[in-house]
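Could you slot chain B onto chain A? The hints should help.
Residues per chain are reported as follows:
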Amino acid sequence: MGMDVELDRVTMRFGDFTAVRNADLTIRSGEFFSFLGPSGCGKTTILRMVSGFIEPSEGFVRIGGRDMAGLGPNKRPTALIFQNLALFPLMKVWENIAFGLEVRGIGKAARRKRAEELLDLIALTDQADKLVTELSGGQRQRVATARALAVEPEVLLLDEPLSALDLKLRQHMRAELRAIQKKTGVTFIYITHDQGEALTMSDRIGVMSQGVIEQVGAPEEVYSRPHTAFVATFVGENNPFPGRVDEAREGYAVLETSHGRLRAVNREGLRAGDEASIFVRPERCQLLDGAETAGSAPDNTLLTAVERVDLEGAYVNLFVRGDQGRSLIVHLTNDRDLTGLAPGRQVTIGFAADAAVALPTPGAAAAAA
Amino acid sequence: MGAVQDFVRRYGGVMTAYIFAGCGIWMIGMIVLPQLLMLEKSLTYSDPAASAQVAQIQARTDGLFVQITRAERDIARLQDRLSAIEAGEADPAAGSGAATLLNPFASPSQAEDAAAATPEELRAEIETLQARIAEARAQIAANDAELADSQAAAQPQYGLYNYEELVENDLNRAIFFKTIWASVLVTFVCLVVCYPIAFYLAKAAPGEQAALLMLGLIVPYWINEILRTFAWLMLLSDGGVINDLLLWLGVVAEPIRWRDGSGAVIVGMTYAYILFMVFPIYNTIDTLDKNQIEAARDLGAPWWRIHWRVVIPHAKPGIAVGCIMTFMLAAGSYAVPLILGGTTSKWFTEVIYDAFNEGNDWGLGSAYAFTLLVTCILFILAMMRLFKVNLQDIAK
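Heads up: the protein sequence lines correspond to chains A and B, in order.
At the far end of the first sequence sits residue 369, using my numbering, and the numbering has no gaps.
At the far end of the second sequence sits residue 1396, using my numbering, and the numbering has no gaps.
Please keep in mind that the hints were generated in silico from the structure rather than gathered at the bench.
All residues carry an ideal CB built from backbone N, CA and C; glycine is no exception.
Incorrect hints may have been included.
Said to hold, decoys possible - For each label pair, taking beta carbons as the anchor points, the in silico distance ranges come out as:
{"no.": "1", "chain 1": "A", "residue 1": "167", "chain 2": "B", "residue 2": "1386", "range": "44 to 50 Å"}
{"no.": "2", "chain 1": "A", "residue 1": "168", "chain 2": "B", "residue 2": "1207", "range": "38 to 44 Å"}
{"no.": "3", "chain 1": "B", "residue 1": "1213", "chain 2": "A", "residue 2": "169", "range": "42 to 48 Å"}
{"no.": "4", "chain 1": "B", "residue 1": "1207", "chain 2": "A", "residue 2": "126", "range": "42 to 48 Å"}
{"no.": "5", "chain 1": "A", "residue 1": "126", "chain 2": "B", "residue 2": "1386", "range": "28 to 34 Å"}
{"no.": "6", "chain 1": "A", "residue 1": "110", "chain 2": "B", "residue 2": "1036", "range": "57 to 63 Å"}
{"no.": "7", "chain 1": "A", "residue 1": "310", "chain 2": "B", "residue 2": "1215", "range": "55 to 61 Å"}
{"no.": "8", "chain 1": "B", "residue 1": "1286", "chain 2": "A", "residue 2": "185", "range": "40 to 46 Å"}
Chain A with its partners taken away, still in its complex shape (with noise of 0.2 Å):
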């Protein structure tokens, strides 16, 4: 069974760049935990902190409540699956996946046993004796997984092995990964901008930008109700609605924005006078046809001229803009007869005020508090 990670108060500067500012969290034995932001945000370093290669500035590293501080990459139960794999070229499968028990002393029979269970689990059974540069991109993904499995890891750390991967095989290895990790019991700390990978395989995920993990929560939490327009905008595709706050009560607040005034749910206590934006999906946007009664219209509407449709298969995305403001986004499912939809028309969108947030505006809201 995997062990807890905690990372207490938790600062990396390189020189005068901060590339972790204050990371403070306790990653659950046996989670599967995803760190999820743009290149250059500080996921890297902190999976780095926690394999050992680097020492925090400031704070501590604990893993199963020891402090890491002083242990090499060499001496910590964790092991890394690099972004390149890095497996070594010059040896056979089996030797790869067999590295980290020869590096313990474990006799070549007893190496090779282990390397075949190894290999069964991750579907290569008769590759053993193969190099690794014989094998395809997916083989070899299930090769590096499959090496530093073998050294019982109670934290397997993984710093974007899928993204030299094709769509397809993506999908199917993060299916399998996860799949591992539920049969395994390993925690596992899994590092990727792509959002993608850290909905669908995460137990929890954390959002970072620039150094500072901005919302910690389960992958559904984090897709609909983001603490932060950076989460907002990063975690799969938001239609923003930049204004000011007009009023704010009972939980909702109401923007006035070069689409009108719009009204929102608000959680993060914006009041009147706020700078703020308004983020709705664009699957919770609805097209209108006029229809609707005073009772059935949702709380916003925009009037706007479609500018062009985007056939994605099951769904279209229809962009839209309205008189004055930004183009938009909607997602309408594929079922139904989208050719009236040609450019320059005018149509009406709308989405309820339960489906949109109000989020602050990153710099007005620091410089507010």
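Chain B only, in chain A's frame:
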């Protein structure tokens, strides 16, 4: 021909001609011809005793010709005197004076004796000289017959004589094996010294530091090899800097004789060929993905196992190239052993040099040189085998 056409299409006619001519001149002129000529020379030998005999006979014949010429001249003069006497007692001094004028070094006493002699005595004298000429001519004819035999014996012949000489010459054979062994030792010492430097340069040193270190490695090579080697002589000789320091510190009672044996030569060569070992290894380690080192470390490997299982296998082609270059340079070095070597640490290159220049025996010199070349090639093949690399890996 398809390849040529392909070349022309890709690089144009001039460039293609240049490349082919360059390759041809290089291959034939620089590699094939010299080696073939040397091989041929090394297989050619002439019996040194027969050659000496030829020279001896020729010298003897030359001497006889000189004697004949002298005798003929003396006969002519005596006959002049004789005919003068018979013609009616002409002034004998005139003939004598002429002879002196013609040949101031010809013995005038003999002429005076002749002047005083009677015609009978003169005739007897002439006969004696003629008999001597006949004897010399007979001798020359005998010499010519002998010369033909000796020349036939001294004719250059093909055979393994020059190689047999190396096998039979205990001293030179010992020097040969010592040279090979010491070159292996130099190569090994260089490898041990250079691998950590190369690794540090390629993977551990921060950018600026690596550049400085590299400069530090290269700068000494701007100085002539002879000067650098003399610098080592100043350090290592009996009255050198190190000995002076040790004596002054009282560590030793009398100077350490570094130059006895091959110690000084090995030190000097290790220093002289460090770059040839560092750079090939550096180049290969530089291409190693740093993540591989980190991955091995993350899987629990201590530093030595990381090197043994990950870095060294990757650096093998570079190590092989470095070892080959260092070995070839060490085995073929002339200046370093000449300057740093003591009397007992002669290098095989010095033996080759002596055979060419002092023994003036090109056949023997070629045989020595060719033996060294073949040994070096065998060494290359052994290294390639040992490190399991092929020519393509090395060419990279």
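- For the pair residue 168 of chain A and residue 1207 of chain B, does the Cβ-Cβ distance stay inside 38 to 44 Å? Holds, at about 41 Å.
- Task: With 55 to 61 Å as the target window, see if residue 310 of chain A and residue 1215 of chain B comply at their CB atoms.
- Result: holds, 58 Å
- Is it true that the C-beta distance of residue 1286 of chain B to residue 185 of chain A lies inside 40 to 46 Å, as the hint says? holds, 41 Å
- Would you say the C-beta atoms of residue 1213 of chain B and residue 169 of chain A sit inside 42 to 48 Å of each other? holds, 44 Å
- Item | Range hint 44 to 50 Å (beta carbons of residue 167 of chain A and residue 1386 of chain B) holds or violated | holds, 47 Å
- residue 110 of chain A and residue 1036 of chain B, beta-carbon distance inside 57 to 63 Å? holds, 59 Å
- With respect to the beta-carbon atoms only, verify the hint that residue 126 of chain A and residue 1386 of chain B lie 28 to 34 Å apart. holds, 33 Å
- Between residue 1207 of chain B and residue 126 of chain A, does the beta-carbon spacing fit 42 to 48 Å? Roughly 45 Å apart at Cβ, these two residues keep to the hinted range, so it holds.
Of the numbered hints listed earlier, not one is contradicted by the structure.
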